[in-house]
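*Asks:* Sequence:
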Amino acid sequence: MTGELSVKMDPSDGVLAVDRLRSSPPETIAGRVVAKVEDFKDANLLRLWLDEVGGAGVRLQVRPSGTEPKVKLYGEAVDMETDTLQSLLSALAAIL
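With my numbering, the residue at position 36 of the sequence shown is 85, and numbering never jumps.
Honestly, the hints are just simulated from the structure, not real lab data.
Being a predicted model, the structure only gives us computed values, none of them experimental.
Ideal Cβ positions, reconstructed from N, Cα and C, are used throughout, including at glycine.
Some clues are possibly wrong.
[Said to hold, decoys possible] Taking lysine-lysine pairs in the DSS-like style, the calculated list, with each CA pair at most 27 Å apart, reads:
hint	residue 1	residue 2
1	Lys85	Lys121
2	Lys121	Lys57
3	Lys119	Lys90
4	Lys119	Lys57
5	Lys57	Lys90
6	Lys90	Lys121
7	Lys85	Lys119
[To be verified] Estimated spans, in silico, between C-beta atoms of each pair:
hint	residue 1	residue 2	range
8	Val64	Glu130	26 to 34 Å
9	Asp91	Leu65	13 to 21 Å
10	Thr51	Asp100	28 to 36 Å
11	Pro60	Val82	27 to 35 Å
12	Asp128	Ser61	36 to 44 Å
13	Asp91	Thr131	16 to 24 Å
14	Asp59	Val127	33 to 41 Å
15	Val64	Asp128	14 to 22 Å
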């Protein structure tokens, strides 16, 4: 299962939002534990791995757009409903 969400904001604000997440990643997102954080600085991409409750591995990624005034969020999960994945992306967007 995959999902995507875009949050409109000025490009400089998008870079700052990802930098804030990079320096202080959340411990939880929508009640799910952030188990691992991977930082791909060259791509300005942050990947958050959530706990695997019920066997549903979840990977969320966030990066500022290089061409538009927005931040892009992507999600991938196994054994998860689309609405649940979109809720996790929305919860991550609220942290920005």
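*Asks:* With reference to the structure, classify each hint as holding or not holding.
*Replies:* Status of each hint after checking the structure:
1. Under the criterion of a C-alpha separation no larger than 27 Å, the hint pairing Lys85 with Lys121 is consistent with the structure, at around 20 Å.
2. A threshold of 27 Å between alpha carbons decides the hint, and for Lys121 with Lys57 the separation of about 9 Å falls inside it, so the pair holds.
3. Restraint check: the Cα-Cα separation between Lys119 and Lys90 comes to about 18 Å, which is no more than 27 Å; the hinted pair holds.
4. Under the criterion of a C-alpha separation no larger than 27 Å, the hint pairing Lys119 with Lys57 is consistent with the structure, at around 4 Å.
5. At most 27 Å may separate the alpha-carbon atoms for a hinted pair to count; Lys57 and Lys90 meet this at roughly 21 Å.
6. Distance restraint check for Lys90 and Lys121: the Cα-Cα separation of roughly 15 Å lies within the 27 Å cut-off, and the hinted pair is therefore satisfied.
7. A threshold of 27 Å between alpha carbons decides the hint, and for Lys85 with Lys119 the separation of about 25 Å falls inside it, so the pair holds.
8. Take Val64 and Glu130: their Cβ atoms lie about 32 Å apart, and the range 26 to 34 Å holds.
9. Our hint of 13 to 21 Å for Asp91 and Leu65 holds, since their Cβ atoms are close to 18 Å apart.
10. At about 19 Å, the beta-carbon gap between Thr51 and Asp100 misses the expected band of 28 to 36 Å.
11. For the pair Pro60 and Val82, the supplied restraint of 27 to 35 Å holds, since their beta-carbon distance comes to about 31 Å.
12. The given range of 36 to 44 Å is respected by Asp128 and Ser61, whose C-beta atoms sit roughly 38 Å from each other.
13. Range check, Asp91 to Thr131: about 31 Å between beta-carbon atoms, so the 16 to 24 Å window is missed.
14. One distance hint, 33 to 41 Å for the beta-carbon pair Asp59 and Val127, holds here, with the actual separation near 35 Å.
15. Look at Val64 against Asp128: about 34 Å separates their beta carbons, and that is not inside 14 to 22 Å.
Violated hints, in rising order: 10, 13 and 15; the structure is consistent with all others.
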